[in-house]
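Chains as they are written, first to last, in our numbering: chain S, 1 to 100; chain Y, 1 to 196.
Hints were generated in silico from the structure; no laboratory data involved. Computed from a predicted model, the values in this text were never measured in an experiment. Heads up, a few of these hints could be off.
In the EDC-like style, the derived pairs of lysine to aspartate or glutamate whose C-alpha atoms are separated by at most 20 angstroms in a straight line are [what the hints assert, rightly or not]: (1) Y/Lys86 x S/Glu7; (2) Y/Lys89 x S/Glu7; (3) S/Lys11 x S/Glu68; (4) Y/Lys109 x Y/Asp120; (5) Y/Lys162 x Y/Glu87; (6) Y/Lys89 x Y/Asp12; (7) S/Lys69 x Y/Asp12; (8) S/Lys10 x Y/Glu87; (9) S/Lys11 x Y/Glu87; (10) Y/Lys90 x S/Glu7; (11) Y/Lys116 x Y/Asp55; (12) Y/Lys90 x Y/Asp164.
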Amino acid sequence: MESMSVEQVKKSVRVYITVFVALMALTMVTVAVSTLHLSVVGAVSVALVIASIKASLVAGYFMHLISEKRVIYATLVLTGVFFLVLMFLPVSHYLDRIFG
Amino acid sequence: MQIPYTSTARPDTGLFNAKLGVWLFLASEVMLFGALFSSYVLLRVGASSWPHGYDLLNVPLATLNTVVLISSSVTMVMSWASLMMKEFKKYRLYMGGTILLALVFLVVKYIEYTAKFHHDIFPSTNTFYAIYFTLTGLHGLHVIGGIIVNAYFWGPGRKMWKTDPQRFTNRVEIAGLYWHFVDLVWIFLFPVLYLL
Numbered sequence: 001m002e003s004m005s006v007e008q009v010k011k012s013v014r015v016y017i018t019v020f021v022a023l024m025a026l027t028m029v030t031v032a033v034s035t036l037h038l039s040v041v042g043a044v045s046v047a048l049v050i051a052s053i054k055a056s057l058v059a060g061y062f063m064h065l066i067s068e069k070r071v072i073y074a075t076l077v078l079t080g081v082f083f084l085v086l087m088f089l090p091v092s093h094y095l096d097r098i099f100g
Numbered sequence: 001m002q003i004p005y006t007s008t009a010r011p012d013t014g015l016f017n018a019k020l021g022v023w024l025f026l027a028s029e030v031m032l033f034g035a036l037f038s039s040y041v042l043l044r045v046g047a048s049s050w051p052h053g054y055d056l057l058n059v060p061l062a063t064l065n066t067v068v069l070i071s072s073s074v075t076m077v078m079s080w081a082s083l084m085m086k087e088f089k090k091y092r093l094y095m096g097g098t099i100l101l102a103l104v105f106l107v108v109k110y111i112e113y114t115a116k117f118h119h120d121i122f123p124s125t126n127t128f129y130a131i132y133f134t135l136t137g138l139h140g141l142h143v144i145g146g147i148i149v150n151a152y153f154w155g156p157g158r159k160m161w162k163t164d165p166q167r168f169t170n171r172v173e174i175a176g177l178y179w180h181f182v183d184l185v186w187i188f189l190f191p192v193l194y195l196l
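Chain S extracted, bound-state conformation:
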């Protein structure tokens, strides 16, 4: 980011506007889907998929992760691993039914 030219920044601004429109559209989609009152599994899946797409857009374009340095990717991969462990801890007791 430190070495971007004015022209590159101008191009990025157009991308930011597109991402903004996409985020707004996805927000409306996720609210609209919630009014359908799907099953728990269906509702959770759709909500999390849409939220993940929105989060990827924010992280990728607004936080410039799409073109970052390796040390940041390495930090985030490590964080992601620990985050997944944290999220699966509460449901890990289901493994007892399989292996227990």
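We have chain S; now place chain Y onto it with these hints.
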């Protein structure tokens, strides 16, 4: 003592130091919110019944707040882009917009909270409200923190633009990283609490 690599990139990381510092801080923030989301999952799968967020909470207000926060993320990134294009007046406009939108978010949250309190609904009411107030309360504190930092860069901190514009641009960039993270957390909080 001079702090090293505030304006230029450190040769081995390719980053100015504060940027790596903020990313490490955000990594710790992921674990903080991750622990609370994990608690939410544990409480929800362990409960015999769990209410639908849309039956108990104000979805239109939360949708409005989602729009407000996403908009503030755009104005934040535009404020950084303005500095990169050496347009300081635009920077002030966009950063001011970011702060205003953040304040709107807090006002809407205040309306939501007070409506609940008027109906005698508190964190102690039940597990759902306990996790709702904890998650949105912690997120709200992060919004307040962001407002303080952004207000400093909009106000007194802007003097650095005249003495060291690159360092000031870098500061705004990493303040933006934090602000987008706050937006990112809300992107997950909104469906998890309000729509499921």
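Comparing the hints with the structure gives:
no. : hint                : in the structure
1   : Y/Lys86 x S/Glu7    : holds (12 angstroms)
2   : Y/Lys89 x S/Glu7    : holds (19 angstroms)
3   : S/Lys11 x S/Glu68   : holds (17 angstroms)
4   : Y/Lys109 x Y/Asp120 : holds (17 angstroms)
5   : Y/Lys162 x Y/Glu87  : holds (13 angstroms)
6   : Y/Lys89 x Y/Asp12   : violated (35 angstroms)
7   : S/Lys69 x Y/Asp12   : holds (10 angstroms)
8   : S/Lys10 x Y/Glu87   : holds (12 angstroms)
9   : S/Lys11 x Y/Glu87   : holds (16 angstroms)
10  : Y/Lys90 x S/Glu7    : holds (17 angstroms)
11  : Y/Lys116 x Y/Asp55  : holds (13 angstroms)
12  : Y/Lys90 x Y/Asp164  : holds (18 angstroms)
Violated hint: 6 only; the structure is consistent with all others.
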